[in-house]
Amino acid sequence: EDQVTQSPEALRLQEGESSSLNCSYTVSGLRGLFWYRQDPGKGPEFLFTLYSAGEEKEKERLKATLTKKESFLHITAPKPEDSATYLCAVRDYGGATNKLIFGTGTLLAVQP
Amino acid sequence: DTGVSQDPRHKITKRGQNVTFRCDPISEHNRLYWYRQTLGQGPEFLTYFQNEAQLEKSRLLSDRFSAERPKGSFSTLEIQRTEQGDSAMYLCASIEGDTGELFFGEGSRLTVL
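So the sequence lines, in the order shown, correspond to chains C and Z. Its first residue numbered 149, the first sequence is counted upward by one per residue in this note's numbering. Its first residue numbered 348, the second sequence is counted upward by one per residue in this note's numbering.
Honestly, the hints are just simulated from the structure, not real lab data. Each hint should be verified, as a subset may be incorrect.
Said to hold, decoys possible - Example chain Z residues on the side facing chain C (calculated, C-beta under 10 Å, incomplete):
#1 VAL351
#2 ARG356
#3 LYS358
#4 TYR382
#5 GLY387
#6 PHE392
#7 CYS439
#8 ASP445
#9 PHE450
#10 GLY454
Ideal placement from N, C-alpha and C gives every residue a C-beta, glycine not left out.
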């Protein structure tokens, strides 16, 4: 069964203090690794899709990388507005519905 | 079109009552998903529609839950005889193609007293 594990559960950073979030996955065959951002009381917002090991995507202060077993979301010089829950997901391999299987997320708090 | 719309945003009900949530996806999106999210957890898949056809239902979706998507446009999720364990955020998402990049609505938060 496909599984996604995120760590840490919560992370507190000072503004400008760079760090990384981890997403470990177990899938029958990877058909996409997805990162979403979720603000309190809102639905998740798409950030990145990665398909193959070695692939990298960047957006402002965020960079996502992918290996055969895990993905990292690197946050460089974060600002308070980067505070949110970051969710990782993989696409279900066995079904035809392409549903996403999410991890429990990392709650990031960036203090000024 | 401004995105996926969900209504109501918040619903407080007493145990045993029925509730219905509505989702209006982005107009050109033919695929629609319902997810449920509880505090501190990631979204969990409930059901999937391609156009008007409901193609998959999760084991999480008990007999008290029913979803429809008439004419392949908006969708409804009904919960009958609500229980306290049904308290959660119910998220709707839509997508046009096969990219996996879901567009989520703001969610409907259900509180069962």
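Residue hint Z/VAL351, partner chain C, criterion CB-CB below 10 Å: Holds: closest Cβ of chain C sits about 8 Å from Z/VAL351, inside 10 Å.
Minimum beta-carbon distance criterion (10 Å), Z/TYR382 to chain C: At 8 Å from the nearest chain C Cβ, Z/TYR382 passes the 10 Å test, so the hint holds.
Hint validity - Z/CYS439 Cβ closer than 10 Å to any chain C Cβ: 8 Å, holds
When the least beta-carbon distance from Z/GLY454 to chain C is tested against 10 Å, hint result: Z/GLY454 check passes; min Cβ-Cβ to chain C is 5 Å, inside 10 Å.
Evaluation of the interface hint that places Z/PHE450 against chain C, nearest CB under 10 Å: 7 Å, holds
Hint status (Cβ of Z/ARG356 to nearest Cβ of chain C, threshold 10 Å): At 9 Å from the nearest chain C Cβ, Z/ARG356 passes the 10 Å test, so the hint holds.
Satisfaction of the Z/GLY387 interface hint, Cβ to chain C closer than 10 Å: 7 Å, holds
Z/ASP445 as an interface hint toward chain C, with CB separation required under 10 Å: 6 Å, holds
Status of the hint placing Z/LYS358 at chain C (closest C-beta pair under 10 Å): Where the cut-off is 10 Å and the nearest Cβ of chain C is about 14 Å from Z/LYS358, the hint is violated.
Interface hint status, Z/PHE392 versus chain C (Cβ within 10 Å): 5 Å, holds
The earlier numbered hint that this structure contradicts is number 3, and it is the only one.
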